[in-house]
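Undergrad: Residues per chain are reported as follows:
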Amino acid sequence: MGRPAKPREISLSTTPTPDALAELQLGDIAYLDGLIYTAREGVYMRAIEQKAEIPLELPKQSATNFHCSPAASINEDGTFNMGAVTATASFRFAKWLSEWMDKSGAKIIIGKGGMTSELYKSIFVPHCAVYLSTVGYGTGALLGRGIKRVVDIHWEKEVGLAQAMWVIEAERMGPFIVASDLEGNCLFERENEKIAHGLDKIYEGTKPAVLKRFGETDDRKDEVIG
Amino acid sequence: MISIDLIEKTAGVLMDKAAVEIPQDYLDGLKAAANTEEGDLASFVLQAMLENYEVAKEDGRAMCGDTGTPRWYVKMSNTAQVEGGPIALEAALRRATANRTVGLPLRPNRVHPLWRTDHDNNVGIGAPEIEYGFEPTPEGEWIDLTTVHKGGLFGTDYRMLFPSDGIEGIKRFYLDSLVAFGKRGLACQPAIIGIGLGGCKDTCMVLGKRAACLRTVGSRNADPKIAELEDEMKELGNSIGMGAMGFVGKHMVIDCNIEVGYCHTGGMQMSVHAFCLSSRRAVARIWADGQIEYRTDPDWFTDYQRRETVEWDAPPSHAKSA
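Sequences listed follow chains A and B, in order. FYI, our numbering numbers position 36 of the first sequence as 36, with every residue one higher than the one before it. FYI, our numbering numbers position 315 of the second sequence as 315, with every residue one higher than the one before it.
Warning: the hint list may mix true and false statements.
From the structure, some residues in chain B lie toward chain A, with a derived Cβ separation under 7 Å [said to hold, decoys possible]:
#, residue
1, V55
2, A56
3, D66
4, P105
5, R107
6, R184
When the alpha-carbon atoms are kept at most 20 Å apart in a straight line, the in silico EDC-like pairs for lysine to aspartate or glutamate are as follows [what the hints assert, rightly or not]:
#, chain 1, residue 1, chain 2, residue 2
7, B, K183, A, E216
8, B, K250, A, E189
9, B, K9, B, E141
10, B, K250, A, D200
11, A, K207, B, E235
12, B, K234, A, E204
13, B, K183, A, E193
14, B, K250, A, E193
15, A, K201, B, E168
16, A, K121, A, E193
Read the hints as simulated data drawn from the structure, not as lab findings. Just so it is clear, the structure is predicted and the values come from calculations on it, not from any experiment. Ideal Cβ positions, reconstructed from N, Cα and C, are used throughout, including at glycine.
Please take these sequences and the hints and turn them into a complete structure.
TA: Okay, here's the thing in structure tokens:
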């Protein structure tokens, strides 16, 4: 491998044009400007399953949905105190995402770990949306610095502070890594494939456990021993 | 007698320190990894993390937005007495957890498993966990408070292995855990990997978690053969070809710590735990005279904690950590 190369850096609006999205390549480093809102299972369930009205004008105000619960509190005078922000793993939210994109017009989903190329192709591509991953995933303090101000919070009483819809104004907030493109290619799957080549060699000299588990077999008649 | 006010005040400081300041031993380990990482994206991630630690310290904000699940390890000298007794101690630790969650702020992570009730302060049924240890040290009356904010979702697994599984079986489960949770970086690696071997199912999990969270990078088990295995497992984990975030790279494991406990004669229980890129731990020793010493090494696994025999005959170096 040798000396590592520096990835390409890109600035991106949170209400991006189709051209700006088309420009993105897997592994690019993006910095965001504009309004971002947080929405995860609490917001999805409330907006989709309970059909509550979304308290923001979307996607006009923001087309960027952060899978995140910030480290934040509300002061007694109603102002906000926000420290670090870090993404949470997105694969758990796949079941709501298509409907959420219909409702919200989201073009950028930010989270941890990305999704499968299958989901990118079936949900993201038809909605012309891309996935950005946070870095690390612990760069909470860096991302916290990219918050110009906390604009608002919605549904904190209904779903709690961690699940609430926080609206933040981002100013060169990042870094984020482009983890999917408009064709639905997946950065993590690309990396997994490269790593997979060496795995057999690493596993040499190991052996599977004597006692198996369901999950390793889906045949419930299997005795999972030996 | 150790002042309860001092305990609560110190516990609050520890909550902040753990959340904001990366322990030096982990930082040194990560810097060494960053210097030799060759994967383009993995290298970018490690550099960003190093920058993140600086920013966290400068701004006094949490390193990571996910607070994990803050918990407490309490260790007392044999002669230590806490003002108000253990009930007052637990109340003080719960108050400090709640107050600093709001004050710093930290993310209120803890909710009811079924009703998702959130008190917005990381306190609830069984939360924060408070675990205890004791030391037969003759050096007077002190209490050690350690808080650990370990991530709470990915990177941990348990498996019932048997003596016939042998080292090959241990390696298989270790690799399975790292590869499964390392993909897409769910384990937030490179991590301090803790392995628990033996005990019962619950103690096996406890041993592995403590191996990850209560031992420092560079420490080695007092048993030289286990120490050798730790070196071997570290190298094995770093040979997978996977780095930070599951990108191509060569640093998955900053260090590997193994702790053992006597188990059922037919079994060889194994647990694997990953303490992440924000390995949050902070420690303080509070003395009865009001003196406070802050540090980052919990110094948990002393000879006494690993004792094998019925009676404890303290060797001259019994207070030395491993």
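Undergrad: For every hint, state whether the structure bears it out.
TA: These are the hints, each one checked on the structure:
| no. | hint | result |
| --- | --- | --- |
| 1 | V55 | holds (4 Å) |
| 2 | A56 | holds (4 Å) |
| 3 | D66 | holds (5 Å) |
| 4 | P105 | holds (4 Å) |
| 5 | R107 | holds (4 Å) |
| 6 | R184 | holds (4 Å) |
| 7 | B:K183 with A:E216 | holds (18 Å) |
| 8 | B:K250 with A:E189 | holds (18 Å) |
| 9 | B:K9 with B:E141 | holds (18 Å) |
| 10 | B:K250 with A:D200 | holds (16 Å) |
| 11 | A:K207 with B:E235 | holds (18 Å) |
| 12 | B:K234 with A:E204 | holds (16 Å) |
| 13 | B:K183 with A:E193 | holds (11 Å) |
| 14 | B:K250 with A:E193 | holds (16 Å) |
| 15 | A:K201 with B:E168 | holds (14 Å) |
| 16 | A:K121 with A:E193 | holds (18 Å) |
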